[in-house]
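Colleague: Here are the chains, one letter per residue:
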Amino acid sequence: MINDLFPNVDWPKMWEATLETLYMTAVSTILTAIIGLVLGLLLFLTSPHQAWANKLANWLTGAFVNIFRSIPFIILIILLIPLTKLLVGTMRGPNAAFPALVIGAAPFYARMVLIALREIDKGVLEAAKSMGAKTSTIIWKVLMPESMPALVSGITVTAISLVGYTAMAGIIGAGGLGTLAFLDGFQRGRTDVTFVATILILIMVFIIQWIGDIITTKIDKR
Amino acid sequence: MINLKNISKKFNTKQGTIIAVEDVNLDIKKGEIFGIIGYSGAGKSTLIRLLNGLEKPTSGQIIVNSEDITKINEVKLRQVRQKVSMIFQHFNILWSRTVAENIAFPLEIAGVPKDQRLTRVNELIELVGLEGRGHYYPSQLSGGQKQRVGIARALANRPEVLLCDEATSALDPETTDSILDLLVSINAKLGLTIVLITHEMQVIQKICGRVAVMEKGRVVEEGKVLEVFQNPQQPITKRFVSQVNDTNKAQQTILHLKELYPNGKLIKLKFVGEQTEQPILSRLIKQFDLEVNIVQGNISHTQNGAFGTLILQLEGDALLVDEAIRYIHEQKVITEVINND
Chain A
3 MINDLFPNVD
13 WPKMWEATLE
23 TLYMTAVSTI
33 LTAIIGLVLG
43 LLLFLTSPHQ
53 AWANKLANWL
63 TGAFVNIFRS
73 IPFIILIILL
83 IPLTKLLVGT
93 MRGPNAAFPA
103 LVIGAAPFYA
113 RMVLIALREI
123 DKGVLEAAKS
133 MGAKTSTIIW
143 KVLMPESMPA
153 LVSGITVTAI
163 SLVGYTAMAG
173 IIGAGGLGTL
183 AFLDGFQRGR
193 TDVTFVATIL
203 ILIMVFIIQW
213 IGDIITTKID
223 KR
Chain B
7 MINLKNISKK
17 FNTKQGTIIA
27 VEDVNLDIKK
37 GEIFGIIGYS
47 GAGKSTLIRL
57 LNGLEKPTSG
67 QIIVNSEDIT
77 KINEVKLRQV
87 RQKVSMIFQH
97 FNILWSRTVA
107 ENIAFPLEIA
117 GVPKDQRLTR
127 VNELIELVGL
137 EGRGHYYPSQ
147 LSGGQKQRVG
157 IARALANRPE
167 VLLCDEATSA
177 LDPETTDSIL
187 DLLVSINAKL
197 GLTIVLITHE
207 MQVIQKICGR
217 VAVMEKGRVV
227 EEGKVLEVFQ
237 NPQQPITKRF
247 VSQVNDTNKA
257 QQTILHLKEL
267 YPNGKLIKLK
277 FVGEQTEQPI
287 LSRLIKQFDL
297 EVNIVQGNIS
307 HTQNGAFGTL
317 ILQLEGDALL
327 VDEAIRYIHE
337 QKVITEVINN
347 D
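Line order of the protein sequences matches chains A and B.
Offset between the first sequence (1-based) and this note's numbering: plus 2.
Offset between the second sequence (1-based) and this note's numbering: plus 6.
Derived by calculation from the structure, the hints in this document are not laboratory data.
A hint or two may mislead.
What the hints assert, rightly or not - EDC-like mimics (lysine to aspartate or glutamate), calculated; alpha carbons at most 16 Å apart, straight line:
#1 LYS36(B) with GLU80(B)
#2 LYS136(A) with GLU114(B)
#3 LYS152(B) with GLU172(B)
#4 LYS276(B) with ASP295(B)
#5 LYS136(A) with GLU80(B)
#6 LYS223(A) with GLU228(B)
#7 LYS195(B) with GLU107(B)
#8 LYS62(B) with GLU38(B)
#9 LYS292(B) with GLU321(B)
#10 LYS152(B) with GLU114(B)
#11 LYS89(B) with GLU166(B)
#12 LYS143(A) with GLU172(B)
#13 LYS143(A) with GLU114(B)
#14 LYS271(B) with ASP295(B)
#15 LYS62(B) with ASP194(A)
#16 LYS136(A) with GLU121(A)
#17 LYS244(B) with GLU265(B)
#18 LYS62(B) with GLU73(B)
#19 LYS152(B) with ASP183(B)
#20 LYS124(A) with GLU61(B)
#21 LYS276(B) with ASP183(B)
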């Protein structure tokens with residue numbers, strides 16, 4: 003029955019593409035979370051009245067974040083070809099997508115981290131300082147836990163964007179559902195392949211959102 | 007214990023320089039409860055933050071425990087802060103931690119091992135009366151309970167000084183009283199010095215031994231609470247004192263009272279300090295065959311004694327009334343006859 007509806011779909015190939023997309027999304031989300039968090043913390047801590055208040059450092063981090071957040075992803079992939087070749091050694095396959103995915107998504111997440119940190123009650127930071135806390139203690143025991151729900155919902159949104167980015171990276175040969183939908187579906191005129199790939203991506207997005215929402219609710223004790 | 011010498015603090019803003027604290031000198035003694043009162047913008051918040059180095063003075067010396075905290079480095083300052091702790095108007099406890107974890111936080115900062123932390127946290131939970139609530143999150147607590155967490159947290163590292171930044175201003179009157187009682191008992195039990203800032207004279211009256219009145223960054227009046235209450239010098243101090251003891255209102259009621267009680271004699275008794283502890287009224291009734299009617303009364307308690315006024319109507323034989331008044335005079339109570347003419 004299912005083969006009548008989607009005559010052109012090669013199911014083992016579709017499954018393999020799904021796993022590739024999952025792999026790209028998972029790894030790039032983890033890397034983005036780490037780099038975005040570091041950048042976001044830097045933006046926050048170097049801003050005026052904070053522990054590492056420094057105009058130049060704040061301006062430089064801000065400029066870096068804004069520039070890479072503004073470049074359209076598809077152009078970023080092309081611009082990063084030399085760097086990718088240097089880091090990964092090839093332009094083909096899932097691993098080749100990581101530099102562009104992370105550099106595209108981390109600044110976006112850094113902005114969300116900054117917003118999350120700014121939402122923290124200043125009184126709580128003052129209280130931690132009044133107890134004699136070091137900056138590292140404040141980062142690990144105040145800034146991170148107190149902004150955790152916003153950090154998690156931020157990374158959920160970012161992970162969903164990354165699913166979209168992997169599909170775009172697929173067009174230039176990174177593999178995954180994007181490549182399948184573009185090469186096997188669109189270019190050969192097999193609409194059913196594109197359709198199934200789209201459904202799978204949608205399911206993936208829904209599951210990510212659902213997991214993110216569950217975690218956010220669970221950790222938010224406010 | 008705490009010594010401020012010629013302390014000034016200026017802030018540079020886009021609108022120009024703001025002088026938050028100007029040439030303040032204070033000497034706060036070990037084990038006392040010292041109050042600083044002022045309206046918002048008087049500089050008291052800045053002043054209290056100078057005492058633990060959250061703000062740095064523009065000029066002057068701040069000596070805490072014979073150490074000038076304006077001259078020490080960050081590492082030492084962090085150590086000082088473990089001994090000069092602070093509680094806040096909005097409690098400032100971490101929502102992401104339970105009551106017990108919040109109280110454990112300063113112990114983690116001080117590097118206390120885990121098993122010792124647990125014991126200490128349990129002691130503190132008991133001290134502030136939050137038994138059975140250790141695993142609650144702040145969102146499950148009332149304002150008063152949150153402040154108790156704040157107090158327990160502040161006491162965790164056995165500080166020598168507790169700074170209270172408008173600690174009861176966000177609480178209702180009843181809760182305010184219970185928190186103030188807790189502060190007094192801690193002060194007595196642990197012998198810790200308490201410095202508090204407030205805009206409510208009731209707070210000063212209830213728990214402070216000495217008070218400094220601040221206006222426009224300066225300390226305009228300072229002294230024992232009882233003395234300041236009895237004899238306020240500055241207009242601003244008079245205004246604060248009238249918050250708890252409204253003399254203008256009292257004058258008006260006296261006129262009104264004369265109309266209401268045309269018979270007998272109205273007398274006004276002024277109590278200060280120890281006399282308030284004596285049962286003058288019951289002795290008066292036992293010794294003299296008079297009708298004694300309490301018309302109005304007002305007694306305020308401070309940490310170094312009570313003071314107040316009592317208006318009585320005495321009815322009966324005119325000679326006996328005069329004798330009774332003489333008797334009250336002998337008890338060293340200031341007496342004033344409000345003539346009925």
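Colleague: Does LYS276(B) pair with ASP295(B) here, judged by a C-alpha cut-off of 16 Å?
Modeller: violated (23 Å)
Colleague: Would you check the hint for LYS276(B) and ASP183(B), treating anything up to 16 Å between C-alpha atoms as holding?
Modeller: At roughly 26 Å apart (the allowed maximum being 16 Å), ASP183(B) and LYS276(B) break the hint.
Colleague: Does the alpha-carbon distance linking LYS124(A) and GLU61(B) stay inside the 16 Å limit?
Modeller: holds (15 Å)
Colleague: Holds or violated: are the alpha carbons of LYS143(A) and GLU172(B) at most 16 Å from each other?
Modeller: Violated - the C-alpha atoms of GLU172(B) and LYS143(A) are around 26 Å apart, more than 16 Å.
Colleague: Is the hinted pair LYS152(B) and GLU114(B) satisfied, with a Cα-Cα distance of at most 16 Å?
Modeller: violated (20 Å)
Colleague: Has the given pair, LYS36(B) with GLU80(B), been kept, meaning a C-alpha gap of at most 16 Å?
Modeller: violated (25 Å)
Colleague: Is the Cα-Cα distance between LYS152(B) and GLU172(B) 16 Å or less?
Modeller: holds (14 Å)
Colleague: Does GLU107(B) lie within 16 Å of LYS195(B) when you go C-alpha to C-alpha?
Modeller: Judged against 16 Å, a Cα distance of about 24 Å means the pair is violated.
Colleague: Between the alpha carbons of LYS89(B) and GLU166(B), is the straight-line distance 16 Å or under?
Modeller: holds (5 Å)
Colleague: Holds or violated: LYS223(A) with GLU228(B), Cα cutoff 16 Å?
Modeller: violated (45 Å)
Colleague: Quickly compare the C-alpha distance for LYS271(B) and ASP295(B) to 16 Å and report which way the hint goes.
Modeller: holds (14 Å)
Colleague: Verify the proposed pairing of LYS152(B) with ASP183(B), using a straight-line Cα cut of 16 Å.
Modeller: holds (15 Å)
Of the numbered hints listed earlier, those contradicted by the structure are 1, 4, 6, 7, 8, 10, 12, 15, 16, 17 and 21.
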